[in-house]
Structure formats: C-alpha cells, structure tokens
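Peer 1: Below, each chain spelled out in residue letters.
There are 2 protein chains.
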Amino acid sequence: MEGAEATRIMIGVNESTIKGYPHASISSRGAFDWALQKIVRSNTSGFKFLFLHVQVPDEDGFDDMDSLYASPQDFKNMKYRDRTRGLHLLEYFVNRCHEIGVACEAWIKMGDPKEVICHEVKRVQPDLLVVGSRGLGPFQRVFVGTVSEFCQKHAECPVISIKRRADETPQDPVDD
Amino acid sequence: MEGAEATRIMIGVNESTIKGYPHASISSRGAFDWALQKIVRSNTSGFKFLFLHVQVPDEDGFDDMDSLYASPQDFKNMKYRDRTRGLHLLEYFVNRCHEIGVACEAWIKMGDPKEVICHEVKRVQPDLLVVGSRGLGPFQRVFVGTVSEFCQKHAECPVISIKRRADETPQDPVDD
Numbered sequence: 001m002e003g004a005e006a007t008r009i010m011i012g013v014n015e016s017t018i019k020g021y022p023h024a025s026i027s028s029r030g031a032f033d034w035a036l037q038k039i040v041r042s043n044t045s046g047f048k049f050l051f052l053h054v055q056v057p058d059e060d061g062f063d064d065m066d067s068l069y070a071s072p073q074d075f076k077n078m079k080y081r082d083r084t085r086g087l088h089l090l091e092y093f094v095n096r097c098h099e100i101g102v103a104c105e106a107w108i109k110m111g112d113p114k115e116v117i118c119h120e121v122k123r124v125q126p127d128l129l130v131v132g133s134r135g136l137g138p139f140q141r142v143f144v145g146t147v148s149e150f151c152q153k154h155a156e157c158p159v160i161s162i163k164r165r166a167d168e169t170p171q172d173p174v175d176d
Numbered sequence: 001m002e003g004a005e006a007t008r009i010m011i012g013v014n015e016s017t018i019k020g021y022p023h024a025s026i027s028s029r030g031a032f033d034w035a036l037q038k039i040v041r042s043n044t045s046g047f048k049f050l051f052l053h054v055q056v057p058d059e060d061g062f063d064d065m066d067s068l069y070a071s072p073q074d075f076k077n078m079k080y081r082d083r084t085r086g087l088h089l090l091e092y093f094v095n096r097c098h099e100i101g102v103a104c105e106a107w108i109k110m111g112d113p114k115e116v117i118c119h120e121v122k123r124v125q126p127d128l129l130v131v132g133s134r135g136l137g138p139f140q141r142v143f144v145g146t147v148s149e150f151c152q153k154h155a156e157c158p159v160i161s162i163k164r165r166a167d168e169t170p171q172d173p174v175d176d
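Protein chains in written order, with full-length UniProt numbering: chain W, 1 to 176; chain V, 1 to 176.
Chain W with its partners taken away, still in its complex shape:
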C-alpha cells in the first residue's frame, strides 16, 4: 500500500458559539484532533485533509444588531467581514496541518451546513467524512437539529461522527 494516493479526509468545521472570533468550535477541533491521533498518527504523508467551512446566511442578511447598513458599501463590508472570519477559522486548521506536515485544502461555502456538506462530498468525493458532534440528547436534538446525523444518513461516503468529550462539554451543551 506504499505509493498509493493519500486518503482524503474531509472535515466540516465551524466557529465556536462561545469562545468568540476566530475560535473553532469545540466539536470541530475535537473531530480534527481525533483524526490526527487515531487515524493519521505518524503517517503524515498518507493523508490529506479537506476542510470545509459552511457559513449560514442570516435570514435578513444582518448578523450584527448594533451596526447600521445604509449603503451598498456597508453590505460589501459585511460580506468582507464574514469572509474574513471564515478565513481566520480555516487558518487555524491549515496552520496546524502545516506544523504537523499533513497536506490540506480548505474552502468556504454558504448555505445550510448539512446540505452543503453532503453536496460537497458528492463533488469532491473524499474517502472519509469526519464530523464533530455535540452529543446532544434526544430532547435537545429536536430543537437544534444535528448535522452529523443527517450526514451519516445522506453523505455518499463513509462518515465518522466524533462526539465531544464529557470534560469539554460547556455548561449549556447547545454551546460549542
């Protein structure tokens, strides 16, 4: 199996809801760390990470209540700022890969994360999709919806869902 093409691991990554810009969510960092420790191990040339960050557009296009958008330029600035946040998030993962010496690619898409992830799996055909999961109970899941469950059902490649460690779960488990 030497010389074979690298195993391409796609990971969906998102921002933390509590740690503030530009931190990665606990569950996406957890999924990445798990893949490094348990799958890649010391075989850094055997794998390539594909980081997908899906940005969710706000319904009304505004995501900051304190700002006033009065001109086309304001909207451009907003889009620019969103894009910058996304790039900073991906930068964290790309930098870590660079330090470790694993190849990677990273990109941003807009839309509903679960739909976009499955669509991108179809398009780029990774060998494996790793998604972090908050490990919510059935009651919380009804309101929050889980990306990982949807992907396990619908993604056209093998999927591993990595639950957050108990000692990393915030007080409100919906936070991440």
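Since the hints were made in silico from the structure, they are not lab data. Treat the hints loosely; a few may be bogus.
As the list claims (entries may be wrong) - Heads up, simulated SDA-like pairs for lysine to any residue below, C-alpha to C-alpha not over 25 Å straight-line:
(1) K163/W with E115/V
(2) K153/V with D112/W
(3) K163/V with A4/W
Use these hints to put chain V onto chain W, whose structure you have.
Peer 2: Chain V only, in chain W's frame:
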C-alpha cells in the same frame, strides 16, 4: 505521535449467506479491506484489529434441517461444528493480518449481533468500530434490520459503516 499506543479498530465479521462455508460475507470483507487501504495504509505498526464474530443461535437450537439430534452427544457435535465454522471465519481475517503484519485479536460471542457488538464495544473500548453494511434501501431495511444503523446510534465509540460496492452487490441485495 510516534510511540503512542496502537489505534484499536474493532470489526464485526460474519459468514456469507451465499458463498458457503467458511467464506466471510461480502460486507465484512469490504469493511476490512477499506480499513486496510484507507486507514492503516502502510502504517502497520500503528493499528490493531479486533475481530468479533457474533453467532446467532437458532430459536429452536437446530440449524440444519437434514440432521437428526437424538442424544446429548449430537448437541455437543452441533455446538462443536458451529464453533468450528466461527473459528474458520476468524481464521481468514487473522491470516490476512498476519500476512500484512498488523496485530490482531479475534473472538466469538453468541447472541443478537447488534446487541452483542455494542456490549463488546463497552467492554473492550476500541478507538473505532467498523461495520460492513449491505446498503439496503428503506423497504428492505424494514424486514431485515440493519446492524450498522443500530451500532451508529448505540455504540459507545466512533463508528464507520462501510457500504458494499455496487459491483459486489449480489442479485438479491439481502444476500451477503
């Protein structure tokens, strides 16, 4: 990550329904091959396989309509034969690991495969459970039940379900 303990991959394996004794099912061979090619790759010292074969006891204790069981010895023979079948199945996987140079363990349990697999995950705490799946449609699933879906929901470790390749699916997809 050099020197870390090997990543322990548990795989549930079963007999083929069509290829006859002592062939492994298409989906369990597929799951094993996938794990070798995509996860283990050339890093044979970084992984250890744990093969679990769950034997399903027949409701009435008979699994061969042509045989007559008239004495306690007959039952002993039957149990011995079942055990032998299971050992031959595991032998296939253990031999392949030996050829490749990956460490492994293998054992047999009796019971309902999905329940036993989840119970054994709790007991041996692998890093990862890989299960083969026939990739049945929703209609077939109602009647057949799928071990992989149950394990993805209930096993206390990350689970990858590997669907059979289209070109390996038998005419009746319930066969394996």
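Peer 1: Each hint needs a verdict: does it hold in this structure or not?
Peer 2: Evaluated hints:
1. K163/W with E115/V: Measuring from Cα to Cα gives roughly 21 Å; hence the hint holds.
2. K153/V with D112/W: holds (23 Å)
3. K163/V with A4/W: holds (22 Å)
Violated hints for the displayed structure: none, as all numbered hints are satisfied.
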